[in-house]
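In order, the protein sequence lines correspond to chains E and G. Just so you know, we're using our numbering here: the first sequence kicks off at 134 and counts up by one. Just so you know, we're using our numbering here: the second sequence kicks off at 239 and counts up by one.
Because the hints were derived from the structure by calculation, they are not lab data. Be careful, since some hints might not be right.
As the list claims (entries may be wrong) - To give an idea of the chain E side of the interface with chain G (calculated C-beta under 8 Å), a few residues: (1) L278; (2) T302; (3) S306.
For every residue, glycine included, the Cβ atom is placed at its ideal position computed from N, Cα and C.
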Amino acid sequence: MSDPLGWLLDPYTFEFMRLALAALAITSVVSAVVGAFVVHKGLAFLGDALAHATLAGVAIAFVNGLSISLGALVAASVTALGVGWTQRRARVSADTAIGILFVAMFSLGVLVLSRRTSYTPNLLSFVFGDILGVSRGDVVAAALLSAAVLLFVVALYRELVFASYDPATATASGLPTTALQYALLLLIAVAVVVSLRVIGIILVNAMIVIPAATASVLAQRLPAIMALGALLALVASVVGLQLSYYFELATSPTIVLVACALFAGALGVRALRERAHIEGAPQTT
Amino acid sequence: MIEPVREHVDAREVLASTHPHRAYALDVRGLSAGYPRQPPAIEGVTLAVAEGELVGLVGPNGAGKSTLFKAIVGLRPLAAGEVRVFGQPLARARDDVAYMPQVEEVEWAFPVSVLDVVLSGRRRLLPFRGWSAVDRAVAWDALERVHLAQYARRQAGQLSGGERRRLLLARTIARGSRLLLLDEPFAGLDAAVQHDLVAILDALVHAGRSILVATHDLSCVANSCDEAVCLNRRVIAAGPSSAVLTEEVLSRTFERHLLPLTPGGPPRIAVAPPASGSQP
Numbered sequence: 134m135s136d137p138l139g140w141l142l143d144p145y146t147f148e149f150m151r152l153a154l155a156a157l158a159i160t161s162v163v164s165a166v167v168g169a170f171v172v173h174k175g176l177a178f179l180g181d182a183l184a185h186a187t188l189a190g191v192a193i194a195f196v197n198g199l200s201i202s203l204g205a206l207v208a209a210s211v212t213a214l215g216v217g218w219t220q221r222r223a224r225v226s227a228d229t230a231i232g233i234l235f236v237a238m239f240s241l242g243v244l245v246l247s248r249r250t251s252y253t254p255n256l257l258s259f260v261f262g263d264i265l266g267v268s269r270g271d272v273v274a275a276a277l278l279s280a281a282v283l284l285f286v287v288a289l290y291r292e293l294v295f296a297s298y299d300p301a302t303a304t305a306s307g308l309p310t311t312a313l314q315y316a317l318l319l320l321i322a323v324a325v326v327v328s329l330r331v332i333g334i335i336l337v338n339a340m341i342v343i344p345a346a347t348a349s350v351l352a353q354r355l356p357a358i359m360a361l362g363a364l365l366a367l368v369a370s371v372v373g374l375q376l377s378y379y380f381e382l383a384t385s386p387t388i389v390l391v392a393c394a395l396f397a398g399a400l401g402v403r404a405l406r407e408r409a410h411i412e413g414a415p416q417t418t
Numbered sequence: 239m240i241e242p243v244r245e246h247v248d249a250r251e252v253l254a255s256t257h258p259h260r261a262y263a264l265d266v267r268g269l270s271a272g273y274p275r276q277p278p279a280i281e282g283v284t285l286a287v288a289e290g291e292l293v294g295l296v297g298p299n300g301a302g303k304s305t306l307f308k309a310i311v312g313l314r315p316l317a318a319g320e321v322r323v324f325g326q327p328l329a330r331a332r333d334d335v336a337y338m339p340q341v342e343e344v345e346w347a348f349p350v351s352v353l354d355v356v357l358s359g360r361r362r363l364l365p366f367r368g369w370s371a372v373d374r375a376v377a378w379d380a381l382e383r384v385h386l387a388q389y390a391r392r393q394a395g396q397l398s399g400g401e402r403r404r405l406l407l408a409r410t411i412a413r414g415s416r417l418l419l420l421d422e423p424f425a426g427l428d429a430a431v432q433h434d435l436v437a438i439l440d441a442l443v444h445a446g447r448s449i450l451v452a453t454h455d456l457s458c459v460a461n462s463c464d465e466a467v468c469l470n471r472r473v474i475a476a477g478p479s480s481a482v483l484t485e486e487v488l489s490r491t492f493e494r495h496l497l498p499l500t501p502g503g504p505p506r507i508a509v510a511p512p513a514s515g516s517q518p
């Protein structure tokens with residue numbers, strides 16, 4: 134590592150690494166923005182459930198020779214809307230609704246796949262993520278989906294916040310709170326699908342939850358949490374990508390572990406800050 | 239068995255005939271509501287808030303005060319009855335009514351600032367539209383009224399219980415509606431803060447706003463409210479505070495013997511002689 138800049142840039146002489154980085158950058162931004170809502174609405178379990186539920190869509194699309202990403206998108210969306218509907222109609226708690234629907238979809242996926250005798254790497258890449266298999270088309274699709282998510286959040290940010298922290302009063306004020314809550318579930322579904330190809334079903338939720346949680350330790354307001362979360366996710370992605378390139382490690386678990394390390398670091402920073410605050414009394418903020 | 243509901247309707251007709259210019263900010267008739275597949279939490283509730291009046295809603299826990307508010311603003315389906323806000327059905331009067339829920343209804347852990355919360359009182363469905371200068375000015379004014387302006391940038395969840403109530407009141411005021419529905423704004427406040435809040439409500443009423451406020455504080459209703467409504471699933475009595483808050487009515491409302499008088503001291507609540515159209 135005599136040449137740090139070279140160490141940093143060398144991997145990107147390969148196109149697959151440049152595509153991987155682009156895909157991770159897109160994933161970082163969309164995951165952090167959606168993740169801020171997920172973490173503070175207590176929906177961390179939902180992200181995981183949607184990711185697992187995509188297996189049904191992935192399996193059905195794979196068996197029928199359709200677009201696997203599209204299958205994942207449909208499965209995640211159906212599950213997200215199903216969670217909202219079950220919660221409303223069956224009057225069960227959110228985590229129960231999520232718990233039921235996600236095992237139903239996951240079981241369906243396993244069932245469809247069990248009819249096929251052979252797994253293929255293409256399918257496994259969705260389960261574990263395949264950062265090096267990301268194509269130009271994947272990046273474009275991810276960019277378009279992410280742009281749609283960001284545009285929606287920008288357009289209805291204040292409404293989404295009101296419906297999130299006080300849904301009853303938001304409804305009484307004439308806001309379409311139910312529609313906004315369904316929309317939020319769909320945004321989470323899209324964010325999951327955007328990251329799916331890169332990170333894989335098993336770990337995709339980590340990208341939604343961990344950077345947003347880390348940012349929440351350090352920042353107070355939602356826009357700051359979103360921006361900082363995106364930055365932290367990007368840092369974790371680049372560091373993880375570098376480490377996996379040089380040490381030949383599986384990429385997505387490396388990225389996730391780096392993100393976890395950042396979270397631990399943030400807790401440490403906060404502890405230090407609080408100690409400094411106490412010792413520095415009687416100063417106020 | 240007396241029928242205070244009917245008596246109140248009569249009182250209202252009397253009022254309407256003697257003051258034809260006075261419109262009702264809120265007009266609730268025969269309202270029944272609650273949760274689906276359960277006996278209604280409130281039944282046959284008829285009450286009115288005249289324009290520019292402060293009306294106190296009293297009743298024991300579980301009397302249906304919150305359900306009444308939620309039914310009025312459309313958060314609970316109406317099993318029966320009708321709600322009119324300034325003569326209009328709710329769908330056409332959304333902007334005319336501002337609702338303050340109990341503090342427990344709000345997710346205080348959500349990362350919003352005090353100013354964010356007040357501003358959201360101004361929110362209508364307006365994609366891509368930020369806060370206007372008017373929105374900001376009104377929000378700051380409301381914050382100053384409840385003495386929370388110095389905490390504007392603080393995270394809302396860091397406020398104490400009493401400050402949270404004042405914040406929700408500020409948000410309700412900031413909405414700029416002519417009718418305010420306040421669900422227990424005084425709960426858990428110390429006497430001084432409560433006194434401040436009552437002064438705020440008085441000022442709003444003098445500025446022409448109409449307010450229905452649910453509270454457990456009977457002396458506040460007796461001293462500050464133009465009218466009182468006693469609720470216990472049904473309207474037990476309604477009318478001028480002094481006429482309504484009698485020992486007999488309160489005992490029936492709270493289903494136990496309550497003395498509305500301060501023992502040994504001067505009567506806190508004047509018991510008016512029965513007047514036609516108010517209390518039997």
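Cross-check of the supplied hints:
A cut of 8 Å between beta carbons decides the hint on L278/E: the least distance to chain G is about 19 Å, and the hint is violated. For the restraint placing T302/E at the interface with chain G, the shortest Cβ-Cβ distance is roughly 5 Å, inside the 8 Å limit, so the hint holds. For S306/E, the interface hint holds, since its Cβ comes within 8 Å of a Cβ in chain G; the closest pair sits about 6 Å apart.
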